[in-house]
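With chain A fixed as given, assemble chain B onto it according to the hints.
2 protein chains.
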Amino acid sequence: MADNILFEKTGSDDATQARCGGITTAHGYIDTPAFMPVGTQGTVKALTQEMLEGAGASIILGNTYHLYLRPGHLPINRLGGLHRFISWDRPILTDSGGFQVFSLTSLRKMSEAGVEFHSHIDGSTHFLSPETSIDIQTALGSDIVMVFDECTPFPASRDDSLKSLELTERWARRSKQRLCDLKSEPEIAQAAGISVVNPVQALFGINQGSTYLDLRERSLAGLVDIGFDGYAIGGLSVGEDKNAMFEVVSHIGPRMPGDRPRYLMGVGTPEDIIEAVALGIDMFDCVMPTRNARNGQLFTRRGKLNIKNSRYKEDSQPIDEDCRCAVCSRYSRAYVRHLYMSGEILGSVLSTLHNISFYLDMMGMMRQAIPLGTFNEFRNSFLSGLARGQD
Amino acid sequence: MADNILFEKTGSDDATQARCGGITTAHGYIDTPAFMPVGTQGTVKALTQEMLEGAGASIILGNTYHLYLRPGHLPINRLGGLHRFISWDRPILTDSGGFQVFSLTSLRKMSEAGVEFHSHIDGSTHFLSPETSIDIQTALGSDIVMVFDECTPFPASRDDSLKSLELTERWARRSKQRLCDLKSEPEIAQAAGISVVNPVQALFGINQGSTYLDLRERSLAGLVDIGFDGYAIGGLSVGEDKNAMFEVVSHIGPRMPGDRPRYLMGVGTPEDIIEAVALGIDMFDCVMPTRNARNGQLFTRRGKLNIKNSRYKEDSQPIDEDCRCAVCSRYSRAYVRHLYMSGEILGSVLSTLHNISFYLDMMGMMRQAIPLGTFNEFRNSFLSGLARGQD
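Protein sequences appear in the order of chains A and B.
Residue 317 is where the first sequence starts when you use the working numbering, and the numbers rise one by one after that.
Residue 317 is where the second sequence starts when you use the working numbering, and the numbers rise one by one after that.
Don't read these hints as lab results, they were simulated from the structure.
No false leads were mixed into what you were given.
The list treats identical chains as one, so a pair stands whether inside a single copy or across any two.
Computed list of lysine-lysine pairs in DSSO-like fashion (alpha-carbon distance at most 27 angstroms, straight line):
id	residue 1	residue 2
1	Lys361	Lys629
2	Lys624	Lys361
3	Lys558	Lys479
4	Lys425	Lys479
5	Lys558	Lys620
Please read these numbers as outputs of a predicted model, since none were measured by experiment.
Bound-form chain A, shown alone:
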C-alpha cells in the first residue's frame, strides 16, 4: 500500500516521549498531537461546522455504524460523500463500526466472516464484515479509514484475548485487501454500488490484546507486518482501571512505528490525554467533552465545574477565566446555568462549544510546548490546575 498520508515529526520532548508533527491528507493538514471531536451521526452534537472551525478542530470523527444505519452510506455516497453531505472540508476519520456493533447491539452472531447484528434503531438485521465496513468507509470518503476489528471485551482471559487479536489480524488483512481492491479495480466499487469519492484514503490498523503486554506486542508485530498508514491502540477505556490502561500505553506506545501516526482510541480525560502524549501518542478521540457538556459538566483550567451548582446562579464570570473561546469571551456562568436549568437547547450548544474548545486549546498548548522543550512544565502546571477541582 502506497503512503496515502504523510506523517512528519517536527519536534520532540527530551524528558518524555512526547512528539509533535502533522499529517497531510486530501482535505488538509492535521497538527499533532490532535484531538478529534466525535461526530457520531454526521454532527458533533450541538455544534455547527462553523463553530468547530472557529474552535480550531482540524479533524473530526464519524461513526460508520451510525451513518450506515441512518441515513445510509449509499445516500451519502450519492450525495458526494460525508464531507459534502455534512459540509465539512477538513479531514474526517471514520471508525470501522466494530466497537458499536459490540457495544450497542444485541443478538450478535459472530463468525470468521463477520458479525450479524440487530440495529439499535429498529431491530432490523444487518451484517458487517471487514469488506462491508471498508465499503461503507469508502462510500463515506473519509480521509482516514480504520480496519474492522473485534474490540476484545474486558475482562478477557489470555486465551480469549489471543483468539480475538488473531481474528482482528486476519480482519485487518482483509480490510487492507478490500481497500486496495476498491481503489484499483473500478468494477469492484461498481459492484458494491459505490463511487470512490476520495481516492487517497489512508488505512490504520488496530492493536488489540487486552491487558496482556506480550499479546499487545504480538498484535503490533502482526499489524506492522501487514503495513498500515498509521496504528491505533484499541480495546482500552472499556472498563479496565487506569493503571492497567497506562501499563499498556506506556509499553506499546513507544513500540509503535515512529514514522506513522499513533492513535489511542476512545481516550479520554484531559489528564489521560496529557499522559498519553507524554508516551508518544499523536491522536485521540472521546465523547467526554460533548457528552459531559450536555450533562452540565464543564472543563476548566481549575478543574471540572458543575454548572448545575447553585453557587453559579449570580456568577458573572466566564466558565473558565483563562479561556478565550467564543463562549467564555461573551457569556457568563450565570447565563449558562440558567439555560441548563431551563432545559434550553442553547445551554447544550454553549456548554459543548466551551468543552470542545477546552480540549482543542489544551492540544494546542502541548503542540506549542513540545518543540520549545517546555512540555513537562506545561504538564505539571496544567495537571495541578486541573486537580484543584472547583465543582
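Just chain B now, with coordinates in the frame of chain A:
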C-alpha cells in the same frame, strides 16, 4: 411622560397604508417594519446571540412571566439587567406577563389589584399586578416595556369584552404611573429591591376589545388619552378566524397614532405579517418561525417545506434556493433532514436559524420596497410564491 423612544417615518406606500421608518432606543436603532424573534427564557430557542446578529435581528422579545419565575428578575437585575445577563446589546422588548398568566397557569384569582396564579414550573403561588409587572420589566431593563393587560379570552361577550378593556385601561394607567415613579423616585425602586438599569425605557399601551370594532375604538381612545410611546393591538391570534382578525387590524391599525410605533402582538404567518404591514403595522412577534422549525416545518419563498418528507432524503439543494442565509449558503435539505430524523440538536439549530432568517429577510424586503413604491409588487409576487406550497 417624555418621549423615551423616537419613532420616525421615513417612507410610505401610496397604494396601501404600509410605512417604513425606525425607532431609536438606548440600545440602538430598530428599522421598521420589524419582526422580533421571541426569546422566552432569555434565549431565542436554539440560537446563539451571534447567530441572531448575523441574521440581522435588530430587536428581540423577552417574556416577563418566564424570567420572573426563572431565574428571577432580582438575580438578573443584580447582574446588570437582561441585556447583560444574556449578552445582547441590541434592543429588547419585554411583554407584561399578562398573556402567559392567562394562558399558561391554572387556579388564577383575578381582582382589581391583579392576578394571583400558580407557577407552571413548580405550582408555587405568585401575584402579578400592573405595579409588579412594571417592577419586573424595570429590573430587566428592557428598552420597550408593555403595560400589564388582561388579554380578553376568545370568544367573549360584548359585555365581558367591555369590562375587560376597562380593566386593561385602568391597569394601563397604573402601569404608566409605576414606571414614572420608578424612574423619578429612587426610593421607590430601592423599596422594590431593584436598580433602574435602563433609565430610558419606553412604555407601550395595549388595545383590547375582542372583535367588537366600537370597543376597539373606545379602548384606543382611552389609551391615547393616557399617552404612550407606542401602541399595540392585543387579544388577537387567540382563536378567532383570520377574517375577524383582519377586520380588527384594518379598522384599528390606521386609527392608531401615526407618529408612534404600532405593534400587532403575537402575529403571525408570513402572509399575516405582509397583510398587516399593508395596514400600517410596524412591529411583530411570533413563536411560529422558532417553534415550527423545531417541528421540521421550514419556510421558503415557494411555500412551507416539511423536512420530514422522504422526498428530501437525497436532496442536495439548500432549504430555500433563493435564500442567502447562513444555513442555505452551506447546508443541504438532505443533511437537515438527516439531523431532524436522528433527533440531533443541530437540526433544531439550523432549522431555527433558517426560519428566523426567512422572517427577517422578508421584513427587509418590505423595508426596501416601501420607499421605492414597489410594496404591492413585492406583496403580490411574494404571496404567490408562498402559495405554491412544496411540502
